[in-house]
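Chains as they are written, first to last, in the numbering used here: chain A, 1 to 326; chain B, 1 to 326; chain C, 1 to 326; chain D, 1 to 326.
Hints were generated in silico from the structure; no laboratory data involved.
Hints are all accurate, no fakes.
Note that identical chains are pooled: a pair holds if it fits in a single copy or bridges any two copies.
When the alpha-carbon atoms are kept at most 30 angstroms apart in a straight line, the in silico DSBU-like pairs for lysine-lysine are as follows:
(1) K281 x K236
(2) K281 x K193
(3) K319 x K96
(4) K281 x K319
(5) K285 x K236
(6) K236 x K67
(7) K66 x K236
(8) K285 x K319
(9) K193 x K66
Bear in mind the structure is a predicted one, so any value in this text is a computation, not a measurement.
Number of protein chains: 4
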Amino acid sequence: MPVPQPNLYPDFNIVRLSHVEFAVTDLAASRAFYVDTIGLQVTDETSETIYLRAMEERGHHCIVLKKADAAGADHLGFKLFDEGDLERAEVFFAKKGLPVEWVERPYQSRTLRTSDPHGIPLEFYVTMDRLPPIHQRYELYHGARPLRIDHFNCFSPSVDDSVAFYNEMGFRVTEYTEDEETGRLWAAWTHRKGGVHDIAFTNGLGPRLHHTAFWVPSPLNIIDLLDVMSTTGYLKNIERGPGRHGISNAFFLYVRDPDGHRIEFYSSDYQTVDPDLEPIKWDLKDPQRQTLWGAPAPRSWFEEGSLFTGVAGQEPELKAQPIIAP
Amino acid sequence: MPVPQPNLYPDFNIVRLSHVEFAVTDLAASRAFYVDTIGLQVTDETSETIYLRAMEERGHHCIVLKKADAAGADHLGFKLFDEGDLERAEVFFAKKGLPVEWVERPYQSRTLRTSDPHGIPLEFYVTMDRLPPIHQRYELYHGARPLRIDHFNCFSPSVDDSVAFYNEMGFRVTEYTEDEETGRLWAAWTHRKGGVHDIAFTNGLGPRLHHTAFWVPSPLNIIDLLDVMSTTGYLKNIERGPGRHGISNAFFLYVRDPDGHRIEFYSSDYQTVDPDLEPIKWDLKDPQRQTLWGAPAPRSWFEEGSLFTGVAGQEPELKAQPIIAP
Amino acid sequence: MPVPQPNLYPDFNIVRLSHVEFAVTDLAASRAFYVDTIGLQVTDETSETIYLRAMEERGHHCIVLKKADAAGADHLGFKLFDEGDLERAEVFFAKKGLPVEWVERPYQSRTLRTSDPHGIPLEFYVTMDRLPPIHQRYELYHGARPLRIDHFNCFSPSVDDSVAFYNEMGFRVTEYTEDEETGRLWAAWTHRKGGVHDIAFTNGLGPRLHHTAFWVPSPLNIIDLLDVMSTTGYLKNIERGPGRHGISNAFFLYVRDPDGHRIEFYSSDYQTVDPDLEPIKWDLKDPQRQTLWGAPAPRSWFEEGSLFTGVAGQEPELKAQPIIAP
Amino acid sequence: MPVPQPNLYPDFNIVRLSHVEFAVTDLAASRAFYVDTIGLQVTDETSETIYLRAMEERGHHCIVLKKADAAGADHLGFKLFDEGDLERAEVFFAKKGLPVEWVERPYQSRTLRTSDPHGIPLEFYVTMDRLPPIHQRYELYHGARPLRIDHFNCFSPSVDDSVAFYNEMGFRVTEYTEDEETGRLWAAWTHRKGGVHDIAFTNGLGPRLHHTAFWVPSPLNIIDLLDVMSTTGYLKNIERGPGRHGISNAFFLYVRDPDGHRIEFYSSDYQTVDPDLEPIKWDLKDPQRQTLWGAPAPRSWFEEGSLFTGVAGQEPELKAQPIIAP
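Produce the entire structure from the sequences given, and follow the hints as far as they go.
Now the structure itself:
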């Protein structure tokens, strides 16, 4: 199936990805990881919930950590352009027969909860409490110096179907991996905000959240984080990298939080605001697709991910295998 | 005069700044500067004209160098979203009584030439020839490793008026400097593409082009360029920096090309796609506005710029003075 | 006067510069600067004295801060190879008619206090308490990430005489600035440990300590420090830089501590262990000598320094003037 | 066997490692690798031989490439302090019953060829032709920006014996790996010039040259080299890294030249000039020894190396196994 033409005139205007809510089993352990080690800033916390933002963000939260008995991802949040977009979003999802519900979320304007056809819980809102800038409060920077949430990556049981759906919502494909034998999509990167992706999809048991990525200023911040993690008890949490992605051209590192949620640190992809930007095609058998320098990803990276709370995953139809580290 | 509220629903959709055409007096000298030293890539050249692109750009040109008897800036180019936007742009400018003309430009679809109220020549188009990606042809990277054109900065005889006009076209203010005594704008940064600016305006004899900026991957690329320029005959072309801007938070360097056109190298501002992003206000008397580390800019930086071909500049009304290096 | 031939067989073996003791007027303010901002580690402290080391040092201290009524530099410390060297040092200084005295210094083996002919107080020892390595305790790194003390720079009323004396002690000249008109030395860099210098001399009212330098991993650590200092109340303490030195080729920044003691952050000079290394000569009139990128140093940098406690400075004979920022 | 106490008063004074001569089978392929890709500078070349230096070196060569039918390492070169040292070196080796021979080497003063007890061919000289500095000719920098040769690493059939011999020559151990079960040395790093090593030894079939390392300014230069090598046909030549060594704390990358000779790029170890520096002990079973971030080295890295021309290797006695990537 060919990559669909971009839908330049979607029914509603998604500005960007906004936040993710994680169910975590030990709030103190998560705080030590996300705040003390990674470098995110606490914007609110109770005994049950911690809200976090990155250094250049003025919206109230990009990660919400909620104490729970079992780890999971609750939903992916997206910011819409205006209230009209929110109403048109409701119509869009309702017409598809997907669940729509208005929910109250602290620090957000009224929020539409729905899901994509595979079951990923999605929440849309227009405004979130705005906080004073801290991007020049340099004494607060530490860890990986995360500047902003950059993207989500989800396992999908059918990347072709996921891309068709998100394409209809106006997400534009920037790069994709095709299984040469079947001509089907193995993975695709789609964006709204002008970078390589707001959300990507990878073939696998899904829906599951593969990872959440943060933009960092330079590769050296990733090296600093590796030095700190490897000498403060987080050696086993380092999963893959550092390296340069073939796809996106970004410098990357993948780590796992105390519950196994995967976080990527990501630096320097490219600007994609042109509506006529040509998607770049990669072959599933090209090892440089994953890592430009040739190193394959470990098996865990291909197999493990966070289930969405209450959403069962299904096996993918496409059985093609990427190159996996021995 | 307060900063105008952003116009989120402009008459036509400007995607981003696109390119500038410079009149240069010695094409070989300009080539040595832009290609051999700075690191831009030639996409076409004749004895009269050189077209250049930066490393991640797929559009044909971001700088056009034209041989001429006198140095100058011919026009600023902007990319529009679709053909309807181009037609609505024509109407917009015509209604304002500004000149509109359809011109042919090599490698571009039909192009609308007009000007802003102060006389800055503007050219709008929808599509430009797309070239194969070179962002992973790492053997071509050198000089400052320019990734893409980032913004223009223009002297304006009335920044208040310029901001009002560009605001109407949908440019949103991200940061601005106010003269506390008169309450008038001394400078403002306005964007379309989701960074701190596509075009900024600074109080001064105008209209003139103050500088054209290129995004580079990290401060180290700027340091590399300084080392090369200072040891290959370009010592006098280094004008200001390196430093961290207070406004935009970017790491910067300003250099002058062989004709005196000012080029900035710029790294790491922040994402501004939120329609409710709050502009940041700076006081003209705050030295950290210019350089977070306190160093004032030299007099030449405040006084010199490139006239637009055939457009006379006028003195600004606002006589407030910034802090200038002694 | 020509630069003397290196004395490859000095009477005693100085391994490297070791430490400096500063008299400071407000110990808490000094602690906030050196520990919280710069990133040095406290190895001992009382209400009167703070001992500091840098991240890769295993010796007990590289800076000693002593509470005093007036700011000053008490002495420069150097490590000798063995006890025989210490005894031969005593003979060397006594023969010159310079004061020699055995003093007790905490954490050091017996220490010889003496002075150079201009009056710089020098202290020599063989062993200092050794501490466990912390260079891989990455959670402790912050500020400029200082790795080790790198060099001293002193004003001298006669650089020719200083170089002759230190040359006799085995310090080898790596680079020097000559006043072309008189043929006299205006400045010289001399080393023992295999870098560009352990101690340098600059023409001026002296003896005074011009600055003490710390080696940092990369220019980015200096940029980080600038960002922090300029946003945490230390804007006025930034004196010169960042830049690339012509002499030494190092990337540099000069800041002032709360008492005005000047500290340099310094990265990437070159290896000088070859006994036949040729000194590099610079002309006093060459602006790239100071800063490869052409920016002259400010007047304060040429005129201000720390007096050694109880040692009066004398005016230099050589009146030649370097290029000073207007 | 415990690590021997440093011999601070060796019979002769070795200043530093100097150069290596490689037998290569395709001089043009080697030139493309070392000059065009890595960034070393040619100082002389004929149809049979290429001499190379790194950017801050003033001696004539650090690598000599000689056309040959079979790949190999001809000898390791070291610089001595003075002619007396050269004569005392001859006596030292002759007394041990090791071969001594005076040879003529282009661009070097008279040269003593001998070998260590396991058969590593060693060449000692005092002076080499000195060339004008190029460390500020920044237009010449490219590839990994190699600044200077940093160290050799050799497989040894008995690291205990190698360390005892080089210790007697004045090399001081900075770090070492012990096989906990037998108490024998598995690897050791020994220096003369004040860094972590001039030469290291690793348990294995030997003598063989494991790798030759070059100092580069920062981790970013290693990332740049990876980007270039992986996109210009050298993907398969990337063997291990990038990463942070536990031992030495340096940032590293290992690549293979067209004949399989292994080259390391290495940045930021620490200063070791103190004669009382305490060696750091590592356990062979500690994975952070190899890579602080936990990634084990591939099998090829433990097994492959360059034989010295005409010298047969012997199997090591110690059979302990390090952690190898699956």
